[in-house]
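**Student:** Listed in order, the protein sequences are those of chains A, B, C and D. Quick note, the first sequence lines up with residues 5 to 341 if you use the working numbering. Quick note, the second sequence lines up with residues 5 to 341 if you use the working numbering. Quick note, the third sequence lines up with residues 5 to 341 if you use the working numbering. Quick note, the fourth sequence lines up with residues 5 to 341 if you use the working numbering.
Derived by calculation from the structure, the hints in this document are not laboratory data. A portion of the hints provided could be inaccurate.
Which copy is meant is left open, because identical chains are indistinguishable; a pair holds if it fits in one copy or across any two.
Quick list of in silico lysine to aspartate or glutamate cross-link-like pairs, EDC-like style, CA-CA up to 16 Å [as the list claims (entries may be wrong)]: (1) K278 / E339; (2) K38 / E49; (3) K63 / D277; (4) K63 / D77.
There are 4 protein chains.
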Amino acid sequence: MQIGMIGLGRMGANMVRRLMQAHHSCVVWDNSRKAVEALAADGAETAENLRDLVRRLGKPRVVWLMVPAGFVDGVIGELAPLLESGDILVDGGNSHYRDSMSRAWRLNEHDIHFLDIGVSGGIWGLERGYCLMIGGEAESVRKLHPVFRALAPPHEAASRTPERANSEPAGAEQGYLHCGPNGAGHFVKMVHNGIEYGLMAAYAEGFNILKNAGIGLESQAHDAETTPLRNPEYYRFDFNLPEIAELWRRGSVVRSWMLDLAASALWQSPELDKFSGHVSDSGEGRWTAAAAIDEGVPAPVLSAALFQRFSSRDRSEFADKFLSALRWQFGGHREKS
Amino acid sequence: MQIGMIGLGRMGANMVRRLMQAHHSCVVWDNSRKAVEALAADGAETAENLRDLVRRLGKPRVVWLMVPAGFVDGVIGELAPLLESGDILVDGGNSHYRDSMSRAWRLNEHDIHFLDIGVSGGIWGLERGYCLMIGGEAESVRKLHPVFRALAPPHEAASRTPERANSEPAGAEQGYLHCGPNGAGHFVKMVHNGIEYGLMAAYAEGFNILKNAGIGLESQAHDAETTPLRNPEYYRFDFNLPEIAELWRRGSVVRSWMLDLAASALWQSPELDKFSGHVSDSGEGRWTAAAAIDEGVPAPVLSAALFQRFSSRDRSEFADKFLSALRWQFGGHREKS
Amino acid sequence: MQIGMIGLGRMGANMVRRLMQAHHSCVVWDNSRKAVEALAADGAETAENLRDLVRRLGKPRVVWLMVPAGFVDGVIGELAPLLESGDILVDGGNSHYRDSMSRAWRLNEHDIHFLDIGVSGGIWGLERGYCLMIGGEAESVRKLHPVFRALAPPHEAASRTPERANSEPAGAEQGYLHCGPNGAGHFVKMVHNGIEYGLMAAYAEGFNILKNAGIGLESQAHDAETTPLRNPEYYRFDFNLPEIAELWRRGSVVRSWMLDLAASALWQSPELDKFSGHVSDSGEGRWTAAAAIDEGVPAPVLSAALFQRFSSRDRSEFADKFLSALRWQFGGHREKS
Amino acid sequence: MQIGMIGLGRMGANMVRRLMQAHHSCVVWDNSRKAVEALAADGAETAENLRDLVRRLGKPRVVWLMVPAGFVDGVIGELAPLLESGDILVDGGNSHYRDSMSRAWRLNEHDIHFLDIGVSGGIWGLERGYCLMIGGEAESVRKLHPVFRALAPPHEAASRTPERANSEPAGAEQGYLHCGPNGAGHFVKMVHNGIEYGLMAAYAEGFNILKNAGIGLESQAHDAETTPLRNPEYYRFDFNLPEIAELWRRGSVVRSWMLDLAASALWQSPELDKFSGHVSDSGEGRWTAAAAIDEGVPAPVLSAALFQRFSSRDRSEFADKFLSALRWQFGGHREKS
């Protein structure tokens with residue numbers, strides 16, 4: 005099939021490459037000239053601008069957006085008037101699912117079809133395939149099956165779930181899933197990323213506990229502002245974190261792809277000293293927590309993971325000063341530097 | 005009565021003053037000469053050292069410790085051989101209740117009585133009285149009633165609980181309570197401080213939310229590492245925090261003594277810029293969380309308050325770096341500075 | 005002044021009474037005939053319906069709504085066409101501040117003034133006064149000062165904040181505060197209630213830890229599904245919770261109005277056995293957590309308090325089953341009944 | 005080698021089978037006659053009692069315990085007098101690492117060597133191998149290498165970490181690791197299980213959010229005790245959870261062995277209705293949280309996961325009643341049934 009791809013960042017560019025490897029033809033555009041040229045060199049047809057991109061596509065057109073969430077409305081605003089009845093517009097970025105629902109409703113009024121697709125796979129997707137969570141009408145989803153098959157990992161990417169192994173690989177085993185009507189794709193992706201935050205934090209906290217297990221070897225302050233460690237003899241370990249991460253990759257209950265990556269990162273630098281520890285969050289973790297609140301279901305782990313990221317960026321500063329101020333007020337406690 | 009007071013810090017010194025105001029006589033010692041002299045000037049009898057202090061006390065003696073938790077064992081080790089059968093030793097500091105139980109068991113073997121007393125009141129206690137949570141045998145508690153009455157706030161310090169108002173003020177209304185056998189006093193004080201952490205954090209988070217309610221006025225980054233604020237028009241407030249703290253002190257559900265202090269602190273400095281936000285924890289918050297874990301009861305709020313203090317002191321540093329390292333590994337996400 | 009009050013539930017009815025005690029005249033309506041008659045007996049002028057209420061008010065009219073958040077739009081929809089340029093409409097209920105902003109914008113188009121006022125005080129407000137957090141234009145706020153003064157607690161309701169004591173009581177000391185433009189009143193009330201959730205949870209967790217401090221007296225299961233309590237000798241307490249609550253009301257750092265109420269509740273029933281423990285949440289706690297997420301500031305305590313309420317209503321049921329299912333899958337662990 | 009195995013539950017029995025498959029010889033005992041006979045049928049030598057087991061082993065003996073944590077002291081108490089200088093005793097169960105340290109110290113006095121080994125793998129270990137985290141002296145560890153190799157998964161169980169792929173598989177890649185001196189094995193296992201709790205909870209919360217994403221289709225209560233869902237149109241999804249779990253197994257960032265198991269469990273029963281949702285905890289989660297507290301490092305995610313398990317077993321009951329009681333006190337709010 006022919007696909008127009010708008011947005012050639014880390015994700016979009018590699019998706020184009022994977023599509024071309026499967027003999028789909030791609031027309032590409034990005035506001036970075038350099039990004040466009042890199043793909044031209046890899047065989048993609050390039051467009052001068054959005055109008056040109058639309059012009060180069062056969063009808064009904066398939067246009068796929070891979071742009072940051074904050075730019076989607078701008079691009080759609082420019083693009084929609086250029087599209088025609090029957091065209092399919094895909095947003096494969098990390099848009100809020102509510103925006104995707106609104107956009108679908110608006111585009112549908114002009115008989116333009118819209119799919120919201122959550123894409124997971126990161127920089128590894130080119131080689132291993134992208135996990136696709138799809139929202140939209142069944143008819144448009146059906147039309148894009150060849151595209152999805154090209155992007156998705158092969159079913160062999162995972163061992164068969166034993167209960168399913170008696171029949172041919174089907175449904176989600178193909179690495180993509182029509183999750184429901186518009187919004188469903190980005191909703192599932194949102195929760196996926198919320199879980200991701202929780203998983204990452206679970207490992208991070210655990211490795212931090214291992215990292216600090218030698219605290220009993222440090223000399224202990226003895227003053228009214230400090231809790232002396234009660235049993236320093238139990239905290240005299242000096243753990244080899246890269247080896248522990250590697251160990252857990254085999255046979256243990258906590259093995260995962262994320263742990264594979266942690267083993268790489270810790271092997272490269274056991275102290276992780278290339279990093280400052282200011283952890284960004286790109287939206288889905290927030291939206292997942294907000295969805296839990298709307299639904300009235302508890303999400304203490306996912307929200308704790310989110311809030312820890314905020315704290316890592318010093319967003320609790322005033323709250324912390326407030327605590328010190330109160331301690332000073334009631335107890336005359338001075339802050340330790 | 006005559007009381008020997010060891011430890012003349014913020015708490016101990018003022019407790020001596022309050023006792024003397026009630027015509028108890030005090031023999032005092034501290035390893036700071038200056039602290040001792042200050043109380044001598046206020047009328048206390050001073051001792052040269054522990055042996056001298058014990059010598060100056062009539063039998064059966066009452067010796068009260070107000071020293072940091074980390075020094076209690078040292079002082080008791082020196083003091084115990086000087087005491088005699090029937091003497092009463094009080095630990096009014098923030099010792100772990102398990103230590104108090106062990107100390108009581110050891111001292112009881114030599115027929116020395118031990119009371120563990122949690123004392124709340126901070127720098128305000130001199131004027132308003134100290135709330136006393138007492139653990140130990142009933143007989144020793146009974147002997148010290150005059151001391152407790154002098155230290156505790158008058159029952160008028162709070163309005164009568166309506167259900168109790170038909171009878172004379174009794175029991176806990178006197179501002180002190182025999183909570184149970186040894187350990188009970190410091191256990192109740194431990195939980196008291198655990199609650200204190202939770203209360204402080206609740207206010208701190210709330211005021212931080214108010215403080216940041218103008219975030220919609222800031223320009224928003226638009227890139228793959230940043231979540232744009234979806235509805236900046238709803239976050240354009242510029243709240244007067246000192247006035248809001250003051251407001252809530254009257255008629256609102258969240259009024260409390262802590263809020264009184266917050267109103268003072270915010271009035272003095274709405275930005276709290278004297279403080280850096282590195283918040284100490286002095287042990288009881290940790291022990292309360294650990295007790296909840298031992299008991300198998302949930303304490304998500306109290307432990308979140310505790311962990312936020314750890315974070316304020318950068319104790320999540322390695323965990324945060326770990327998160328950034330993983331983000332880099334799977335998504336090629338660079339940290340923002 | 006003359007005020008029209010719509011909604012005569014626990015809050016509205018008592019606010020009318022407090023207004024009439026201050027010699028304001030009130031025209032009242034509620035869809036419960038009984039509620040209307042109760043206030044007629046207390047001296048209020050009653051209306052047959054909204055139209056009649058509006059008709060009975062002198063111009064410019066002041067109409068105050070005290071209805072559940074879910075009904076506000078319906079009432080305004082019916083009421084707005086009856087109002088005229090210059091009238092003032094007040095929403096004193098627990099509306100979402102964003103709704104208040106939208107309503108203000110719509111009403112302003114018809115030159116109807118709108119105030120969003122957060123009201124705290126509960127069933128105690130009649131006697132002690134209501135804490136008022138006000139959002140809207142300064143001009144309308146000014147006009148209602150006499151009403152606010154009547155509703156608010158006297159400044160004597162709290163001791164003077166020492167730093168303010170040199171000048172006459174002013175500003176928030178009057179028990180009401182103009183917090184900012186429309187939305188500000190309900191925003192501050194929202195955060196107020198978020199804090200309230202956190203405070204309540206801090207006490208609840210603390211008292212639960214005290215309640216379970218005798219767990220070492222119970223016999224301990226010894227099997228692969230159970231953690232034996234390591235040191236049962238440290239958990240053999242039997243605390244008197246009503247007395248501890250009463251104790252902390254005097255001199256302690258955790259004293260508060262909420263603790264006053266806890267002392268009453270525990271005195272009435274130390275086991276609190278009239279209650280099932282399914283804890284409702286009425287919105288503001290959710291909105292506060294969501295605002296923290298929008299602002300990107302951590303709120304681990306306030307959100308933990310919220311989620312515990314969800315859990316108390318069994319909203320984690322599927323998540324819990326999921327955990328049991330995983331434990332069965334990887335370890336063959338059966339659930340204990 | 006010859007190994008004496010004590011404790012033939014789910015773990016111990018299969019470890020014996022895996023050892024015998026690798027041509028080690030095993031002498032086994034359990035207090036369940038049936039468990040012993042099952043292994044006799046599989047070729048193990050059986051002992052009548054502990055004394056008999058020790059008698060049947062060649063010197064220096066290797067005795068491995070796989071018994072619940074609560075029974076270890078009893079078994080060691082009976083066993084130690086039967087052992088001799090140079091024998092090696094292994095505790096492969098889920099003992100607290102501090103107990104392992106104390107036991108090692110005591111046994112070392114009698115020149116009996118002790119290893120604390122955390123074993124992960126659950127019911128899948130027989131086929132796939134067990135991940136072994138080992139604490140103790142290097143010399144004893146070295147002697148047992150053949151045993152560890154037999155029990156551990158082959159290095160092929162995971163793909164090579166790219167950074168290590170240039171050299172032969174070594175160290176932790178063999179599926180077992182000498183983590184440090186006594187206590188280190190059970191410490192690392194403890195943190196491993198703490199992480200496990202966090203991971204499980206992250207998935208559980210995420211799937212619960214998906215499960216409840218149709219809440220907008222339910223009719224909404226409108227009263228003062230209920231928050232109406234503000235935008236029901238955004239919560240009308242009906243997700244296929246087994247398919248979503250299966251989907252995420254391929255290409256997504258959250259793929260893991262735990263997710264593999266979740267896919268099985270959900271495929272078997274999408275409602276998980278065989279389970280009640282009372283989730284046990286077997287100790288390590290508690291100890292991990294306590295270690296974090298001792299070290300002064302934040303563990304909000306791991307502790308939230310732990311506390312949610314406590315809540316699932318109704319251990320927050322009194323706290324929840326307390327909240328309802330306060331709501332009744334200040335607002336006259338009745339509980340909804």
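**Student:** Should K63 paired with D77 be assigned to within, between, both, or neither, using CA atoms and 16 Å as the limit?
**Tutor:** This pair counts as neither: shortest intra-copy Cα distance 23 Å, inter-copy 46 Å.
**Student:** Evaluate K63 and D277 at a C-alpha cut-off of 16 Å and name the case that applies: within, between, both or neither.
**Tutor:** Close neither inside one copy (52 Å) nor across copies (49 Å); limit 16 Å.
**Student:** If the cutoff is 16 Å on CA atoms, where do K278 and E339 land: within, between, both or neither? Let me know, please.
**Tutor:** Between copies only: 10 Å across chains, 30 Å inside a chain, cut-off 16 Å.
**Student:** Have a look at K38 and E49 and pick one of within, between, both or neither, based on CA distance no larger than 16 Å.
**Tutor:** Answer is within; shortest intra-copy Cα gap is 14 Å, inter-copy 72 Å.
Hints 3 and 4 from the earlier list are contradicted by this structure; the remaining hints agree with it.
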